[in-house]
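Its first residue numbered 1, the sequence shown is counted upward by one per residue in full-length UniProt numbering.
These are calculated hints, taken from the structure and not from any lab test.
We put the CB at the ideal spot given by N, CA and C, even for glycine.
Mixed in with the good hints there might be a few duds.
Ranges between beta-carbon positions, derived for each pair [unchecked claim]:
| id | residue 1 | residue 2 | range |
| --- | --- | --- | --- |
| 1 | Ala-152 | Glu-207 | 15 to 25 Å |
| 2 | Lys-113 | Ser-83 | 50 to 60 Å |
| 3 | Pro-148 | Pro-57 | 44 to 54 Å |
| 4 | Ala-103 | Ser-83 | 31 to 41 Å |
| 5 | Leu-18 | Glu-49 | 37 to 47 Å |
| 6 | Arg-178 | Ala-219 | 51 to 61 Å |
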Amino acid sequence: MKDHIWTLIIAVAVVCVLLFYTFSYTVRYDEVAVITRFDSVVGDVAVEEPGLGFRWPLPIDRVYKYSKKLQLLEDQLEEFQTSDGYAVILRTDLTWRIEDPIAFFRSLRTVEKAQEQLRPLIRELTAVVSKYRFDQLVNNDPSMLALPEIEAAAKAELTSKLAGLGFGIAIERVGVRRLILPESTTEKVFERMRTTREALAEKARAEGRARASTIRSDAESARDRILAFAQRRAEGIRSEGLQEAASYYEAFKQNEELAIFLNAMQSLQEILANNTKFILDSGQIGASELFGEVEGVSEDE
1 MKDHIWTLII AVAVVCVLLF YTFSYTVRYD EVAVITRFDS VVGDVAVEEP GLGFRWPLPI
61 DRVYKYSKKL QLLEDQLEEF QTSDGYAVIL RTDLTWRIED PIAFFRSLRT VEKAQEQLRP
121 LIRELTAVVS KYRFDQLVNN DPSMLALPEI EAAAKAELTS KLAGLGFGIA IERVGVRRLI
181 LPESTTEKVF ERMRTTREAL AEKARAEGRA RASTIRSDAE SARDRILAFA QRRAEGIRSE
241 GLQEAASYYE AFKQNEELAI FLNAMQSLQE ILANNTKFIL DSGQIGASEL FGEVEGVSED
301 E
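The task is simple: from the sequences and hints, build the whole structure.
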């Protein structure tokens, strides 16, 4: 008897659980739910508050749950043409979210269907990319890149197109995920790089030559100024020396013998500066004046 009671209790509990599951639903914090009754939205309002809700069992009521998280759509590689004739291969990605769950349910109903509708729209970015030059897509100078501008323009264009479709979708970001250069474009890029480097090298050489010419001109100008100053100074010293010598010449004319004697003394002072021993002929300059004639020996001897 007790076994039958427990069996009945368990059966009732299972039935209650099944009924509770059939008549209830839960919404997580990162979800939004759309409740339909006979395939029509109940109250035309989505359930955005997380928690437990109640409904009629299938097939009367159905619950469609959508994630509030961002959805990512990656497109395949596509070749584009820039405004200056370069071919580039881009892979773009699209980040979107469900903005209006009711409109999304009525137009698309599933995320997979939304991805199918959005994919062709991404490929229409050719018109946006074709407005920009190649150096605005690939450049060593970050300030020359126009990728943020391209992404913003693509987002604005897609948003404008989706506004008239009533999908209930909001575009958060359109990005360039990958950029590849075809072989033909790579050759053009290398040739352009060589031309640019040669131009930069020639510019550097020209600047170097101009700088060297300036330095050489400045050095020659400084040299000329120094030489001119030294020449003027030398002329001044020479003039002062001649003036001073002229005054000495006037004094020497008054007593020529004294002048000759002083000159001989100056010569001997220079010769005997290091206590040098030497023998002089009495006829040599200055010897006769200093020592006189040796007794019994004439200058002729």
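Verification of the hints:
1. For Ala-152 paired with Glu-207, a C-beta distance near 39 Å fails the hint of 15 to 25 Å.
2. For Lys-113 paired with Ser-83, a C-beta distance near 35 Å fails the hint of 50 to 60 Å.
3. The beta-carbon spacing between Pro-148 and Pro-57, approximately 52 Å, falls within the hinted interval of 44 to 54 Å.
4. Taking the beta carbon of each, Ala-103 and Ser-83 are about 37 Å apart, inside 31 to 41 Å as hinted.
5. The given range of 37 to 47 Å is broken by Leu-18 and Glu-49, whose C-beta atoms sit roughly 26 Å from each other.
6. Between Arg-178 and Ala-219 the Cβ separation comes to about 57 Å, which falls inside the hinted range of 51 to 61 Å.
Of the numbered hints given earlier, the model fails hints 1, 2, 5; all others are met.
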